[in-house]
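Hey, can you work out the whole structure from these sequences and the hints?
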Amino acid sequence: MEVTVLGGSAAGASPGQGCSGYLVEQGGARVVLDLGPGTFPELRRHVDFRTLDAVVISHLHLDHMLDLFTLRYALAYNPIPAPAPIPVLVPPGGKQFLFDAARVFAGKDGADSFYDVMVIREYDPSATLQLGPFTLQFRPTVHFVPCWAIRLSSEQDGDLFYTADTGPSADLLPLALGADLVISEGAASAETEMPVASRGHLTPVEAGRLARDAGAQVLLLTHLWAENDPLKAAREAEAAFGGPVVLATRGARVSVPRRD
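For the sequence shown, the tail end lands on 260 under this note's numbering, and the numbers increase by one without skipping.
Source of the hints: derived by calculation from the structure; they are not laboratory data.
Built from N, CA and C at the ideal position, the CB exists for glycine as well.
Incorrect hints may have been included.
[To be verified] Each pair of labels, with its calculated beta carbon distance range:
#1 P174 to T51: 29 to 37 Å
#2 V119 to P41: 21 to 29 Å
#3 V145 to P41: 21 to 29 Å
#4 D171 to P79: 44 to 52 Å
#5 R258 to R103: 39 to 47 Å
#6 Q96 to A127: 15 to 23 Å
#7 Y115 to P257: 36 to 44 Å
#8 N78 to V104: 20 to 28 Å
#9 E2 to P41: 13 to 21 Å
#10 R45 to Y73: 16 to 24 Å
#11 A127 to G16: 32 to 40 Å
#12 D213 to P81: 42 to 50 Å
#13 P257 to Y77: 38 to 46 Å
#14 D124 to P79: 31 to 39 Å
[Said to hold, decoys possible] Listed next, the in silico EDC-like pairs over lysine to aspartate or glutamate satisfying Cα-Cα at most 20 Å (straight line):
#15 K95 to D124
#16 K95 to D112
#17 K95 to D116
#18 K95 to E122
Structure below.
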């Protein structure tokens, strides 16, 4: 299993890379986790966007899903059509959210704006989802809007755990346990920045602790502000984790290590 970073910036895109987005590939299967602003051009550098098996959205903050609209227009108007509509899996309430936004952008019925080139479905966060070789499970996070962390597993390859956006939460660890790769946000710059209950984001140290407690082999540290010195954040996370930390930069690739 290979993970390619399409963007690793926090809420505002950084010079040189967009916000959250991750391409997961195994064999010929291709699934994207989140598609924030600025991620679609990077996606096109690596794969043919017409051949995606699915896009899965963790929550409805724009820095995690805005390039769904870029993808929609590319699918609708590119001179080479996609072989089939692409499944887009959104959290509860996401279908109406997208349709309302599309109505504003396109000036017509929101469903019509999508269903010619995408199949919009709401996932059940309490259920297990199968996408080709991938099994997905969800867990609610501590954030400012409903948000779900994602465990993506494969019988043939390693497992990954993606925090999406979250503050500290003991409820995430059971789903993260045993993941080979943890993709964790680290947007908060200090543990004292604001009260934990209202913070909605992890610090790099907390990201490292989560990866350590999960028993991960690699931590991919993401959702960072360029102004907060990402290299310093990586050092802090590595000290807490005790294992290798990869910074989520545009185009970075991580092979998910399979346990023996």
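Status of the hints after comparison with the structure:
For the pair P174 and T51, the supplied restraint of 29 to 37 Å holds, since their beta-carbon distance comes to about 34 Å. In this structure the supplied range 21 to 29 Å holds for V119 paired with P41, their Cβ-Cβ distance being about 24 Å. Between V145 and P41 the Cβ separation comes to about 26 Å, which falls inside the hinted range of 21 to 29 Å. D171 and P79 have their C-beta atoms about 47 Å apart, which keeps the hinted 44 to 52 Å range intact.
The given range of 39 to 47 Å is respected by R258 and R103, whose C-beta atoms sit roughly 45 Å from each other. With their beta carbons about 20 Å apart, Q96 and A127 fall inside the hinted range of 15 to 23 Å. Take Y115 and P257: their Cβ atoms lie about 39 Å apart, and the range 36 to 44 Å holds. At roughly 23 Å, the beta-carbon separation of N78 and V104 lies within the given 20 to 28 Å, and the hint holds.
Between E2 and P41, the C-beta spacing of about 19 Å keeps the proposed range 13 to 21 Å intact. As the Cβ distance of R45 to Y73 is approximately 18 Å, the hint placing it in 16 to 24 Å holds. In this structure, A127 and G16 meet the distance hint of 32 to 40 Å, their C-beta atoms being roughly 38 Å apart. Under the hint 42 to 50 Å, the C-beta atoms of D213 and P81, about 47 Å apart, fit the expected range.
The hint said 38 to 46 Å for the Cβ distance between P257 and Y77, and at roughly 40 Å that hint holds. For D124 and P79, the Cβ-Cβ distance of about 37 Å falls inside the hinted range of 31 to 39 Å, so the restraint holds. Only pairs whose Cα atoms come within 20 Å are accepted, and K95 paired with D124 is accepted, the gap being roughly 13 Å. At roughly 12 Å between alpha-carbon atoms, K95 and D112 fall within 20 Å of each other, so this suggested pair holds.
Our distance criterion of 20 Å between C-alpha atoms is met by K95 and D116, whose separation comes to about 15 Å. Simply put, K95 and E122 have alpha-carbon atoms about 7 Å apart, close enough for the 20 Å limit, and the pair holds.
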